[in-house]
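K.L.:
Given next are the chains, with one letter for each unit.
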Amino acid sequence: MKTVFEKTSGLTEKETHYCPGCTHGIIHRITAEVLEELNVLEQTIGVASVGCSVLSYDYFNCDMTQAAHGRAPAVATGIRRVLPEDRIIFTYQGDGDLASIGMGEIVHSAARSENITVIFVNNAIYGMTGGQMAPTTLTGQKTVTSPEGRNTAMQGLPIRVAEMLSTLDGATYIERVSVHDVAHIMKTKKALKRAFETQKAGLGFTMIEILSTCPTNWGIDPEESLSFIKEEMIPYYPLGVFQDRRKEKG
Amino acid sequence: MVKVLMKGNEVIGEAAIQADCYYFFGYPITPQSELVAYMAKRLPEVGGVFLQAESEISAINMVYGAASAGVRVMTSSSSPGFSLKQEGISYLAGAELPAVIVNVGRGGPGLGNIQPAQSDYFQVTKGGGHGDYYTPVLAPSSLQEIAELTQEGFRIADQYRTPVIILGDGMLGQMMEPVDFDAVEKVDQVFAKEWATTGTKGDGGPKTITSLDLNDVLLEERNHRLQAKYQEIRDKEVKVICHYEEEADWFVVAYGTVGRIVQSAVEKAREEGVNVGLIRPVSLWPFPHETISGFSETSSHILVVEMSAGQMVEDVRLAVEGKAPVSFYGRNGGVIPSVGEILEQIMKIDAGVTVR
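So the sequences go chain by chain: A and B. Sequential numbering of the first sequence, starting at 1, is according to full-length UniProt numbering. Sequential numbering of the second sequence, starting at 1, is according to full-length UniProt numbering.
Hints were generated in silico from the structure; no laboratory data involved. Since this is a predicted model, take the numbers as computed values, not measurements. Treat the hints loosely; a few may be bogus.
[Claimed, not checked] Pairs of lysine-lysine residues, derived as BS3-like cross-links and limited to a Cα-Cα distance of at most 25 Å, are as follows:
1. 193/A / 207/B
2. 142/A / 193/A
3. 200/A / 207/B
4. 7/A / 201/B
5. 200/A / 201/B
6. 186/B / 201/B
7. 201/B / 193/A
8. 247/A / 200/A
9. 200/A / 7/A
10. 7/A / 187/A
11. 3/B / 186/B
12. 14/A / 229/B
13. 186/B / 7/B
14. 14/A / 207/B
15. 186/B / 41/B
16. 207/B / 7/A
17. 7/A / 190/A
[To be verified] Per the computed footprint, the stretches of chain B lying under chain A, defined by three or more beta-carbons under 8 Å from a beta-carbon of chain A, are:
18. 82-94
19. 189-199
Backbone N, C-alpha and C define an ideal beta-carbon position, used for all residues, glycine too.
So that you can see chain A by itself, here it is in the shape it has in the complex:
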């Protein structure tokens, strides 16, 4: 009998705590598949951030260190600078973590071109903390701390992180992808693979921004959540490669 699907060895047996319809599970799986396919699980150290993905250390089948809110790129820098070059180091961060409290850490890690891969999960809201406004919350989007919808005159405009970091010379590979349908999930996996391959080649800072859902805090069902990504998020957060210096650095 031909095996058509197998669980990746990049994930542990533990059941995740994520809400129904949340796409963290998909992102975990394709990240783990990439690490398995590249045969680097035993030399990988992941850095879990604060937020829904804080417990990702229970799910990824590799060494994991948990960082304070926003500080994952600094923690990853510390690991990168003291371990041999063959180690693969990634951070897994949400938008509140990376784009708000951790903005300094991500900007300077990119500027230094730390040879790490940042998996940036953007769902335009604070998930674990209970649905508050994030730096990435869309204009007009309702959250518990923007109950009338994000008012840009008062709360400013959402931050496009991929575009912003792409302006830094240290950024080697930056792409924004989405996981709202199968075709895009496959593209996301390819982007992750490119990012990890880039790191493996020692070419410097890579970040994959992944548009993701939060049905619970968006207050809509899982299917509508996928449509929300497609119809509301992608127009403001266009998909694509924003920086690619692999050739010039390779």
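Dock chain B against the given chain A, drawing on the hints supplied.
P.N.:
Relative to chain A, chain B alone:
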């Protein structure tokens, strides 16, 4: 046995390297910047890594990452910058990661100034960051002692898997003194770090470093484990130096820079016939409660001198438990008390004048 003339901040750096610490993540702030510069120059020479972080917060989190990967690592700062590091120190304590953190104290609060002060005592000895934790704090009073205590700091950090603080001040950081590194006893214990997240390399299952326990019972267990460790440190790691402890009628208590100034004042007072001694806590946490408690049984008075508005004096009062009168003399804002003014306090107390 060769003595070298060095600046205090540089002694800290050299002592760290001699304690096999080859990784330093820092951020410049006066009056500790020479340490950052020293590491930037020296670490690449010995095959180590120096990185200037974008902030104190980032530096301490780089330390967290390096410590989680199992290496000896150091960062340093001065008071306002040290405040920023508190978040990371709480995480280091929670995740039980060893590291040495240097605070070359200056006048505060707020931006304060760049003169020496001891007004961070509460912050360094009472946890400082959030949660139930302590950090061992070592307070040298000479550059030779910096070399010794830096070695000790790394030993304690590794042995107990805990962040350790070396507390100096702007005077110790900026002054120059001859130091004999050959006379410093090296830590020869080997500390296996099988818990470090270095990539499993097929060596057992994946490892995790975290300070999170969402389950309250599990978090309580973690806290119990931490508290048991802190008790062991209290039992084994108290360091205190006493002068004239056999004969003195009463004592002055002072640490660090002030400890050595007080020592001069005590000598002068004794020349004038005052039978006073000196108790100099070297570990501020664990605090030498038992030593001070013991002397307070027979001491007619305890005077505490600090470069602060009075912080360690609270621990002294707890140790004395009312068995002897305790008075306090302090200068703050970066003012260094002179031998003369401390001598004046000693003479007043000896003459029975109530100081405070």
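K.L.:
Among all the numbered hints in the text so far, which are the ones the structure does not match?
P.N.:
Per hint list: 2, 6 and 12 violated.
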